[in-house]
Every structure is written in structure tokens, then in C-alpha cells.
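Chains A and B supply the protein sequences, listed in that same order.
Counting from 1, position 356 in the first sequence corresponds to residue 356 in the numbering used here; the numbering is continuous, with no gaps.
Counting from 1, position 176 in the second sequence corresponds to residue 176 in the numbering used here; the numbering is continuous, with no gaps.
Hints may be right or wrong, so weigh each one.
What the hints assert, rightly or not - With the Cβ distance kept under 8 Å, some of the chain A side facing chain B (calculated, not the full set):
no. : residue
1   : LEU206
2   : ALA210
3   : GLY451
Said to hold, decoys possible - To give a feel for the contact side, a few chain A residues facing chain B, derived at Cβ under 7 Å:
no. : residue
4   : ASN242
5   : ASN248
6   : ALA310
7   : PRO314
Claimed, not checked - Mimicking DSS-like on lysine-lysine, the simulated pairs with C-alpha atoms at most 25 Å apart in a straight line are:
no. : chain 1 : residue 1 : chain 2 : residue 2
8   : B       : LYS144    : A       : LYS296
9   : B       : LYS108    : B       : LYS144
10  : A       : LYS202    : A       : LYS124
11  : B       : LYS108    : A       : LYS160
By construction, these hints were calculated from the structure, which means they are not laboratory data.
We put the beta carbon where it would ideally sit given N, CA and C, even for glycine.
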Amino acid sequence: MTTMRNKKYKNIIVVLIVGVIATIISSCERTASDEALPATYSTTAEIFTDNFVGLGTDFYFPYLGAKPDVFSVDTDEAYDSEASIRIDVPNANDPTGNFAGAIFRIDGSGRNLTGFDALTFWAKASQAVTVNEFGFGQDFNGDALRVVLPLVDLTTQWRKYTIPIPDPSLLVVERGMFQFAAGGIGVPGEEVGYTFWVDELKFEKLGTIAQSRPAIFSGEDRVEETFLNASFNAANITQTFNLASGINQTVIPSPFYFNFISSDPAIASVNELGEVSILGVGTAKVTAQIAGVQAKGSLTVNVMGEFDAADAPPEREAGDVISVFSNAYTNVSNLNFAIFNDANLQVEVIDFGGNQVVEYNNLSFVGLGWDGTVDVSAMTHLHLDVQVSASTSPFLNVELIDFGPDNADNGAGVVGDDTAGGASTAGSQLEVGSWVGIDIPINSFTQATGGGGSGSPNLNNVARIIFVSNGSSVIIDNIYFYKQ
Amino acid sequence: MKMKNTQSFFNRFKKCALINALFLAICTIAVLSCGDEDQVVTTLDELVWFDEFNITGAPNSDRWSFEIGTGVDGWGNNELQYYTDSSTNIEVRRVSEDDGQLIMTARKEVYEGSGYTSARIITKQKFEQQYGRFEARMRLPYGKGMWPAFWMLGADIDVNEWPGAGEIDIMEYRGQEPTIVHGSVHGPGYSGGEAITKSYQLTNDRFDTGFHVFGIEWGPEYINYYVDDVLYNQITPADVTGEWVFDKPFFLLINLAVGGSFVGSPNAETVFPQSMLIDYVRVYK
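Construct the entire structure; sequences and hints are all you get.
Next comes the structure, spelled out in C-alpha cells:
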């Protein structure tokens, strides 16, 4: 034991001697000029204790559409101090804004947060609620290092909350100190407001933020058959840390925290936002890291060549077409490509030089929905262009759901005044790697549907189009009703 | 007498660390003199048994035996794992040119009717000692349901049924509490949930991100528990609610359990595989 000790101390002496020599050597060298030295920014940890700390005067910026005057300093409620931040979430019918949301941005130069590993605060609410999000790093000037902790449960008791910093080394100068977004509670459209308080808001070096587990593409290894000029986004990026409490805390970081890497940038290039551009034929894999930790999930693209677009639909009088999804016509509003679907479905909207197509992988069923309903009773056909990308014996059935005179979805299945019916397309019609135009007569949706419809639906309030298949992968474009 | 010496060892160690932080250069000299002083006053510094885990492969069979299977009722604790001697569960690996580590890995895999596999090694009939300083430098796993332990059992356990034989838990840990370890003794009248236990919590650090030394200094009528350079508990006959059974030889055990009454089962968030790293085990007298 004694021998081992002495050995260690000798090492320390060696290090010291080397250090002294290094100092002597370096003193012989030219020193950097003042201009070359990095600027030093404030390393203040506190944002709010009894009052705001070092934020300047003009630091409160509400989100677009948010009620602007939800924020005050409350001297009656506080955790372990004299005052707290009070946020009064408005009712949904508040004419000045139907939610509370804002950023706190330093009025002046940013802070150096590289010495911290988390933003922490104490919070409570006037009733048990789930706040949509808390976070930091949003500055309304690129939001490059934004971090969001989504869906935070508050109780009526003060509790401490921790938002881990995905990679502190990047936060060299940050102005976005805090942000929040919260809507009322209750039935959508009739939410009722409440109040929550935040106190002791500060950055901390906890030393217990550990076991970094970043993920891209929901942690899945995605494989896409695709074509030149396509583009993808590194969707569903998260970073999970284990806290001292044992809780796994998942935050949504800005893509800038990740280092995206392509195995072959000549085939798939990826930028700092995680946007993937397909440039060459072949196979490439896109992966990512945060601070050297490999993210779970990846995107492998098999690029087959030029993508041939479906034939452009013919020009039609406005009254002769009701379009759901086509670059040739005016479409329904807020199309949702998967308003319901089976759990294994993968949906990707791919942009080929301004023309979008939708790709469904592992398609068993998917429902498309949009704002309101359409009256297609005067139309003669439903058209769609389909290209099978992978399947041995593909089939594709199409169903319509009509919401009936009440214009409302009466629930799962087909209930109330809802009606639905389906039509088969001949499997032999479909072809792998080629576009096939399908025109289904509007009065041929006669079959019973998977959701309980008995066929031949009403056509005045059509709200959903459903595709049913056998796990095939298909690309679809130009979905529209027309009058011949 | 011995007890005093032991405690003063810790006090000096701590002081040195403090000075070290304040005046690095000066402390280098101070530390040297500290080391010399220790040699004079500390009684438990003669290394009598150790494993530095520097030879790759299975742990040295001259020092360790495997315990295989599920024991009785999951080793008496409703543990969920099946212990194996497979290199996928236990292996000494080289981590640098002249240093190795014993790596114990808990895996989520169905094996012999259990849902998990892991490993457990003991020194029974290979190394047994009464009194001394027993320590291991380890990095622990994390996640709900992970239960690593570095502990000892009375060597007469085959003829003196537990808890009569006595148990000294140098380190136990729940994966869901990554900053806390527990040191305990079990004996007749104070076993299982009634064991004499004290916990130690790290400040601004955790046990799964770096190595920590877990040890006891054990002599007649005392067991001192320490983590790194912090002595956090002393158990004496006055503390136990039954007979003091710690004046006889004990053997060492190291295991990584999954689930069981102490920690509860893993949940969907528990990451597998999970490894425990052991840099060394050293015993002094």
C-alpha cells in the first residue's frame, strides 16, 4: 500500500514539473493580442429568484396569437422567497388570445451557460394541470439551441422541475432564458383558464444529469426506397437523460444540438438541421450524435434513380373538380395524410422539385382527413395515381366516409348519421415501379367498410378517404373528385 | 484503540484532499508527509488478498467461484435473473495496456425459464477472513430493477443457517436511485427488512457515471462503512437488535441482480443490457 501511494505522488510531481516547464516554454512564445481573445459572457445562473436577475428591461415576448398580458410578478405566492412569476392562462374565448405563451429573452448580450447541465425551477398551479411546454434557448432569432420539455404535469404543491441541457458546450452565448406555452383545460374550443407560478428559475450544474440517450426518427432505423431530388427531415428527435430521482427525462432539442452524419454525402447529404437531400444513386445511411453519443435511429436511403412524376392531371373548370391532394388543383385545407391509421404505418410526404407525393410504407389502413367536408354528389369519379414501391401481390381498396347532415364525426366506426362505403381496385392493375391512374366511378363505393359502413355512402358531406392494403408500400399522388 | 486510528485515517485523508484543492503545489509536499504518517498509524493497510482483474477472460478460479441458477425463491429475494458463467454475463476485459476490469452484465433474455441473465461470484472456501479492510472500486449500472451488491456472508453458513451466519452488505444499490448506496448488517433478529442499514447519498454526482470505492473497516465490535474518502457509518454491537455474529471469518460476494424485493421489477424504461464494472477488490488486515 505504501509503495503504491508513493508511486502516485511521484506522478503528481512529474506532472507539476512538466507543467512548470510548459509554462516556461509558453512564456517564450508570443502572446495573443486582445482582439484574438474570446469575448467573455456572463455566467450568471439565476433568471428569477425574488425578481428577475440580469434580464434587462425589455425581455418578455409573447408568442404570436398568445394573450399578451398573462404575466406578472406575484408577491403573495412564492417558493422559499418573497415573489414568484405568475402566469394566468386565459379561457379559450378570450378575445385577446386563447393561450399563454412567451419567451424571456435577455435585453442585452447572452450568457455563457457551458458550465451548467440543466435549467431548473419550482412550479405549482391553481389546479392539477398539464402545461404544454417549458423550455429555454428560444430567442426569436433562429431559435438555434431551443430545448422543450413537453407536457409537464403541475400540481397544487410546489415541485421542482429539471430540464436537462442536451450539450452545454454549445451554449456559449444564449439570450433565450426561458419559455412556456399553456392552453386552458377542458373540451377543445371551450377550455377554461387557470393560474400557475414559477419560482427559483435558474441554470444549475447538478452533476447528476446522466446516461444520455439521443434519438432521431423516433429511435427507429428507417429504410426508404427513394429517388433523386427527394428530401427528408430527421423527424422526432429527442434527448433522454436519467435524473438523480431515477426519472428518465426526455426533452425535444433543436436539431442544432445534433451532429448529423451521412455515410455517403454524394448520395444523401444532410445539413445541420437534419434535412436530407438525395443527390445520387445508391445507398447511404444518415446517423447523428450529441456530444459524441450516438443517437438511436437512422435513415437508410436506397436511391433508385430519377423519379418519374405521374402524368399531370388535365386542366379542368373549377366546378368540375374537388381536389384533395394534387399540385394541379386547389386542394382542401389542412390535409392530414394519416388522421387515423394502423400502428405499423410509416407516412412520408416527399417533395420532388415542388411536386409532392405521399408514400405509405407497411400500409394496412390509413384515413385522410381535412378541414370541413366536401359535397361530391355532382362529381362522377374519384381519381388517384398509384405507384407500388414494394409488394409481391399488391391490392388497394378505397373507402369514403360521409359525416352526414350534422357535418360531424360521430365517433369511432360509422355511427349516427355517418355513412361509408368501399370500392376495390383490381390488384392486377397495380404495378411495382410504375404509375397507374385509377378512376373509380362515384356510385361504385358499394362495399361494406372495415369501420362498419354498409356501402353506398351519402356524398354531400364527404370527410375521409381511406386506403386499405395488405402491408404493401405505395406512393400516391393526384387524389381528386371530378366530373366527366 | 484501533477504531480511533481508523477514524483518524479518514480525517487526515479528507483534510489532505481539501488542501489539495486549495494549494496544489504546496499540498504535493503535504500529501507526501500524509502518506508517511498513515503508514505509521493505520493498522489495516497490509494487503493480504486482492484481484486487480488484469487477466482477460473468466475471473480467476483460484479466487472466485460462480453461483449458477436461481437459488431458492430467486436467491431468497424473488430475484428475476438466472446467474450464468457465460462470457456474455461475466468477463474480465482489458481497458488499457496495463489495466483490466471485471464486467458483469445483466441481459434481458429468456434462459432456463428466467427472463434475465446475469452473474454472481463468491470467494467461499477460497478466501475467508475475520476482520480487515475490504474494498472494491466499481461503477454501477442504472435503471429500475437493477440491484448490484458487494457483500459478505459468514463462512459457517452451511452449518449455521442465514441469518444466523451473519451478512455484511458493504454496498447495495437500487438502479432507480442512482445517487444512493446502502451499507447493512444482517444477523439473528435483525435480517431482511429489519437489517441494520444506513444510506449514503452523493452530492452533485452519481454511482453509474464513474468509479467509486466501497469499503468497510471491520474489527472486533465495529464495522465502519465508507464510500471513497467518506466514512458514513459505524455499526457496533450496541446498534444491532440481536446477537453480534461478526467475530468469525466471512467470504466475499459480488453480484448483479435483476428485480427482487429490494428494488422491484424492471420496467419498460429500464435499458438492457446493463453492466457493472469492477476495477479491483482488495482486502487488507
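Consistency of the hints with the structure:
The interface hint given for A/LEU206 holds, since its Cβ lies 6 Å from the closest Cβ of chain B, which is under the 8 Å cut-off. Because the beta carbon of A/ALA210 sits about 5 Å from the nearest beta carbon in chain B, less than 8 Å, this interface hint is met. Hint status for A/GLY451 relative to chain B: violated, with the closest Cβ pair at about 31 Å, above 8 Å. Hint status for A/ASN242 relative to chain B: holds, with the closest Cβ pair at about 6 Å, below 7 Å.
Hint status for A/ASN248: holds, given a least beta-carbon distance of 5 Å to chain B, under 7 Å. At about 43 Å, the closest approach between the beta carbon of A/ALA310 and any beta carbon in chain B exceeds 7 Å, and the interface hint on this residue is violated. The beta carbon of A/PRO314 comes no nearer than 53 Å to any beta carbon in chain B, farther than 7 Å, and the hint placing it at the interface is violated. Our distance criterion of 25 Å between C-alpha atoms is met by B/LYS144 and A/LYS296, whose separation comes to about 21 Å.
Proposed proximity of B/LYS108 and B/LYS144 is supported: the alpha carbons are some 13 Å apart, at most 25 Å. A C-alpha spacing of about 16 Å is found between A/LYS202 and A/LYS124, which places the hinted pair at or below 25 Å, so the restraint holds. This hinted pair does not check out: B/LYS108 and A/LYS160 have alpha carbons roughly 33 Å apart, beyond 25 Å.
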